[in-house]
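Below, each chain spelled out in residue letters.
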Amino acid sequence: MKSSSTRVCEGAIAIGPRSGDATEAHRAIEAIWRIESARLIAGLARVVGDIGTAEELAQDALVAALEQWPAEGVPERPGAWLMGTAKHRAIDLIRRRKTLERKHEEIGRDVERAQEGLDRETAIDEEVGDDLLGLIFTACHPVLSKDARVALTLRVLGGLTTEEIARAFLVPVSTIAQRIVRAKRTLAEAHVRFEVPGGAERVARLASVLEVIYLIFNEGYSATAGKDWVRPALCEEALRLGRILAELAPTEPEVNGLVALMEIQASRLGARVGPSGEPVLLLDQDRARWDRLLIRRGLAALERAERLGGALGPYALQAAIAACHARATTAAETDWPRIVALYDAVAQLAPSPVVELNRAVAVGMAFGPAAGLELVDGLLAEPSLKSYHLLPAVRGDLLRKLGRSEEARAEFERGASLTENVRERELLMRRAAECAAERMAG
Amino acid sequence: MRVLIMAKEGEQSEAATPPTPDAMAEFQKFNEELVKAGVVLEAGRLYPSSQGKRVRFDGKRRTVIDGPFAETKELVAGYWLWQVRSIDEALEWLKRAPYDGGTFEIREVFEYEGM
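Which chain is which? The protein sequence lines are A and B, in order. The opening residue of the first sequence carries number 2 in the numbering used here; numbering runs sequentially from there. The opening residue of the second sequence carries number 4 in the numbering used here; numbering runs sequentially from there.
The shape of chain B in the complex, shown without the other chains (with noise of 0.2 Å):
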């Protein structure tokens, strides 16, 4: 299966205070051991909110919201896709993130359409 891990770091991500070199270099290897394991598909890391927009639909109306958004606990500020087999399996992988703050939340991804 497909699950997407959204990295919901909280304040200080927004903030946008760079990472030590050390907490940098522990991040990089385990992002390579999950590469090297074949679980990672894909990962990115988002720009603070500031930057962002945010579309609110209500019937035909759009409302453009700018950024900084209030909620910053929730707020996502990387992801990564992994082909796991379980939930599980992500979430033993992800209890060995090199974190120290932030709420990491697993979602499966919906696949195969029709089967």
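For reference, chain A alone in the conformation it holds in the complex (with noise of 0.2 Å):
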């Protein structure tokens, strides 16, 4: 057994072996950024204006906590010290500012107003969650691009680095750094104010949330690109903030939708992928291997949401056809007409091409690979889905069903061109392979 060193901790003090103190206080320091950051970020935002300004501010700091803590101990409440000490940087910041644009005697008031609103000692758990709430509003206003709001999502409410978050995405550092750069410059231009929307305003700005929350998730889910097929801490940056937006509105239907739909999906994350990294798609996946935890919280939330009334959202009907994979013991107890039935309904709300693909594969399960292939077959001319490479590879496996291997092999090998994950690419070539075999063998 190896020797565990043991820390006494005195209040806020560890005491320690003396060359291990400086590492550990950075560990500490990483880790209590990650948890207090978005509320400080967000509580700055909400009195200097702008979530740019309120970022630089706690990036400071940051940088005073890591030039102190290391000599002198991380303090008892960390959270709390960040925030005096970016406090009194904006208060500077304030005055500078008003020094520029008002006469003396209002600088003073605002100043004041300004401390106030930055006493987080007062400030009750509800004001904290609309601060949050304005923060992931604004920083995925649709004003920015979707790449913007993802990389802006990421670095203010997930608390990662720009490194941390290049990585993630498989581009260059400089690449992001340049995103997030022009995203509070496009902010600031577009006089986009920090706040948590009301009304129609609030349908549309949410829908803009969720889509960059799912958008982060299926990077991870299913990436696009690299040699992994799945990268399971973007799904668990994903489900964490659908997990506190689910706790910052709870009454939001489609919120709840998104965080039983990712639950669901991300039960699923161990089971997809093979002992050599290869994918293993949904029918042929060990189900005992799918997380029941994952599952039973995503049904809860699915419950959430019906139970909140109305019909269901994109997001939930989604989440709905999930949970019946998920309810489904063996692949053959798939209810298959219930998910026909499912599509249809998620077809009116938003229709798109990959859903009518989808509904195609649900049909040829619940229907036969005839009446599948039929639904696929009049999508070939569709724009959108020209080098969508599971249109190929869905039309490949509904021919191989009805015997037709050589026109399957075409459909997979031109899939297998088509996507830019390695793992996919291989996994196609593979099932053209299974086809030229059956061929030679028929």
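FYI, nobody ran anything at the bench for these hints, they're computed from the structure. C-beta atoms are modelled at their ideal positions from N, C-alpha and C, and glycine is treated no differently. One thing to keep in mind: the hints can contain errors.
To be verified - Here are some of the chain B residues that sit facing chain A, going by a computed Cβ distance under 10 Å:
hint: 1; residue: Ile8
hint: 2; residue: Ala40
hint: 3; residue: Leu84
hint: 4; residue: Gln86
hint: 5; residue: Asp91
hint: 6; residue: Ala93
To be verified - Lysine to any residue pairs mimicking SDA-like chemistry, simulated, CA-CA at most 20 Å apart:
hint: 7; chain 1: B; residue 1: Lys32; chain 2: A; residue 2: Glu253
hint: 8; chain 1: B; residue 1: Lys39; chain 2: A; residue 2: Glu253
hint: 9; chain 1: B; residue 1: Lys39; chain 2: A; residue 2: Arg241
hint: 10; chain 1: B; residue 1: Lys39; chain 2: A; residue 2: Leu134
hint: 11; chain 1: B; residue 1: Lys98; chain 2: A; residue 2: Gly80
hint: 12; chain 1: B; residue 1: Lys32; chain 2: A; residue 2: Ala81
hint: 13; chain 1: B; residue 1: Lys98; chain 2: A; residue 2: Glu25
hint: 14; chain 1: B; residue 1: Lys32; chain 2: A; residue 2: Gly80
hint: 15; chain 1: B; residue 1: Lys98; chain 2: A; residue 2: Pro71
hint: 16; chain 1: B; residue 1: Lys98; chain 2: A; residue 2: Pro76
hint: 17; chain 1: B; residue 1: Lys39; chain 2: B; residue 2: Arg5
hint: 18; chain 1: B; residue 1: Lys32; chain 2: A; residue 2: His27
hint: 19; chain 1: A; residue 1: Lys147; chain 2: A; residue 2: Ser385
hint: 20; chain 1: B; residue 1: Lys98; chain 2: A; residue 2: Thr24
hint: 21; chain 1: B; residue 1: Lys32; chain 2: A; residue 2: Pro251
hint: 22; chain 1: B; residue 1: Lys98; chain 2: A; residue 2: Ala26
hint: 23; chain 1: B; residue 1: Lys98; chain 2: A; residue 2: Arg78
hint: 24; chain 1: B; residue 1: Lys39; chain 2: A; residue 2: Pro370
hint: 25; chain 1: B; residue 1: Lys98; chain 2: A; residue 2: Trp82
hint: 26; chain 1: B; residue 1: Lys98; chain 2: A; residue 2: Ala23
hint: 27; chain 1: B; residue 1: Lys39; chain 2: A; residue 2: Ser385
hint: 28; chain 1: B; residue 1: Lys76; chain 2: B; residue 2: Gln54
hint: 29; chain 1: B; residue 1: Lys98; chain 2: A; residue 2: His27
hint: 30; chain 1: B; residue 1: Lys98; chain 2: A; residue 2: Ile30
What the hints assert, rightly or not - Negatives, chain B to chain A, calculated, CB over 10 Å:
hint: 31; residue: Gly13
hint: 32; residue: Asp25
hint: 33; residue: Glu29
hint: 34; residue: Gly41
hint: 35; residue: Leu44
hint: 36; residue: Arg48
hint: 37; residue: Val58
hint: 38; residue: Arg59
hint: 39; residue: Gly62
hint: 40; residue: Glu74
If you follow the hints, you should be able to join the two separate chains into one complex; please do so.
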């Protein structure tokens, strides 16, 4: 057995071997940043009015912590320390701004107000929650491109560094850094107010928030590029954001719907990758490896979405489809007619060629491959699916079931040539080879 | 990563003395903060070990041992399953818990077999 070192914590100061203290403090700071940064940036943004400045102030406080904590120890209430430090800088900043803009006597009043606003000691939970919601809505503002929204959200809400975001998306650090700088500038230029939108605007803005979270999830769930088929860390980030949002906005059915969808899909993360990293498709997965805890959480979230009343939205409907799979003990027990009906509902609410393709798969399972193929063939002329690898993949699958191996092989090969993901390409090439073998045998 | 927090609260939890309302309120506040941060996946409290059983395996033999168990300081009184990014994050959260006794153990849960 390895000897474990015992550290005695007196209040906030860890007493241990001196040499390890600095790195230990750095690791603690990193963890504290992860816990506190979103609340910190949100609280500051409400006072200074924009998240760019708020994030810079929060970063300044982080730098101060990195300078002081390794020597002085981590304070007992690190969140309050960071806020206090950022607050002083915010007040300096406001003072400087106002000196440029306004008469002197007004400055005092503004500073006073800022001081009150920044005093988190007395802040009630509801206020902190509103600030966080405001931060989510601002980072996901539709004025920003999708890429910018994703990067900014991971940065200010996930507490990820630019390097971590770049690594997750397999792009150069400078690309992400630029995206974030530009995003902040765009928000400032568009005079986007830091607030929780209400009324009709809220619906559209919330849709943008949900889209960003699901984009992050999907990039982890079926990576569009690179050598890994899944990157669980991104799924976990998205799930965490979704869970936080569901706590902040518990009465929004679609927030619960999205959380349900992500929980259930994430339950299969361990089962959808084979021993050498190859993708394992849904119906071939070992269901014993599905994560029962996440399924249970997902079904509970779906129930909440349903209980909130009204017709299910697109995310809740997709969660209901995922739930059909989760409830089936074996692939053969899947309730395909119900899945077809749910896809019909999705297609009505949010029609898209990709939904039609998924519906065709379900129809093929429920009513036979010929019925599925007829629908898929109807999508062949669809311009948006022209380079979508799953169209030939699905078509190949249906053709193969109909015994048309040669046509199926050609489709799998075409699919393989269209995907950027190495693992997926290998899977499709293997299926093409299987079709060729079937043909030889037949 | 997923971590399991085992609350080894020692003899006081074994005696099943109900916590004071103040302590309960403080604990609930802490737990709520964790839930709001999207950290808690699952949580539970255990009945005293006097109501528990142990099964000891020795080759083909199985011996059933009735509670209460002797090593009171090591007995788990409750557990949490947390989703965190690192052990350090779990540590920072746990340090904020409103406890004044006992030992709390953080263990990473094995995930994504074969990846």
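Verification of the supplied hints:
1. Ile8: Since chain A brings no Cβ nearer than about 15 Å to Ile8 of chain B, farther than 10 Å, the hint is violated.
2. Ala40: Holds, about 7 Å.
3. Leu84: With a minimum Cβ separation of about 7 Å from chain A (threshold 10 Å), the hint on Leu84 of chain B holds.
4. Gln86: holds, 7 Å
5. Asp91: Holds - the Cβ of Asp91 of chain B comes within 10 Å of chain A, reaching about 4 Å at its closest.
6. Ala93: holds, 8 Å
7. B:Lys32 <-> A:Glu253: Violated: Lys32 of chain B and Glu253 of chain A sit about 24 Å apart, past 20 Å.
8. B:Lys39 <-> A:Glu253: Holds: Lys39 of chain B and Glu253 of chain A sit about 16 Å apart, inside 20 Å.
9. B:Lys39 <-> A:Arg241: The hint holds at about 10 Å.
10. B:Lys39 <-> A:Leu134: OK: Lys39 of chain B and Leu134 of chain A at ~12 Å, within 20 Å.
11. B:Lys98 <-> A:Gly80: With a Cα-Cα distance of about 13 Å, the restraint between Lys98 of chain B and Gly80 of chain A holds, given a limit of 20 Å.
12. B:Lys32 <-> A:Ala81: Holds. Lys32 of chain B to Ala81 of chain A sits at ~17 Å (cutoff 20 Å).
13. B:Lys98 <-> A:Glu25: holds, 15 Å
14. B:Lys32 <-> A:Gly80: holds, 16 Å
15. B:Lys98 <-> A:Pro71: The hint holds at about 18 Å.
16. B:Lys98 <-> A:Pro76: holds, 12 Å
17. B:Lys39 <-> B:Arg5: holds, 17 Å
18. B:Lys32 <-> A:His27: violated, 28 Å
19. A:Lys147 <-> A:Ser385: Roughly 18 Å between the alpha carbons, so the hint for Lys147 of chain A and Ser385 of chain A holds.
20. B:Lys98 <-> A:Thr24: holds, 18 Å
21. B:Lys32 <-> A:Pro251: holds, 18 Å
22. B:Lys98 <-> A:Ala26: Holds, at about 14 Å.
23. B:Lys98 <-> A:Arg78: Distance of about 10 Å is within 20 Å: holds.
24. B:Lys39 <-> A:Pro370: violated, 46 Å
25. B:Lys98 <-> A:Trp82: holds, 16 Å
26. B:Lys98 <-> A:Ala23: Roughly 19 Å between the alpha carbons, so the hint for Lys98 of chain B and Ala23 of chain A holds.
27. B:Lys39 <-> A:Ser385: violated, 39 Å
28. B:Lys76 <-> B:Gln54: holds, 17 Å
29. B:Lys98 <-> A:His27: Answer holds: Lys98 of chain B to His27 of chain A is near 16 Å, not above 20 Å.
30. B:Lys98 <-> A:Ile30: holds, 14 Å
31. Gly13: Per Cβ check, Gly13 of chain B is outside 10 Å of chain A; nearest 17 Å; holds.
32. Asp25: holds, 19 Å
33. Glu29: holds, 14 Å
34. Gly41: violated, 4 Å
35. Leu44: violated, 6 Å
36. Arg48: holds, 18 Å
37. Val58: holds, 23 Å
38. Arg59: holds, 21 Å
39. Gly62: Its Cβ never comes within 10 Å of chain A, the nearest being 25 Å, so this holds.
40. Glu74: holds, 17 Å
Checked against the numbered hints listed earlier, the structure breaks hints 1, 7, 18, 24, 27, 34 and 35; every other hint is satisfied.
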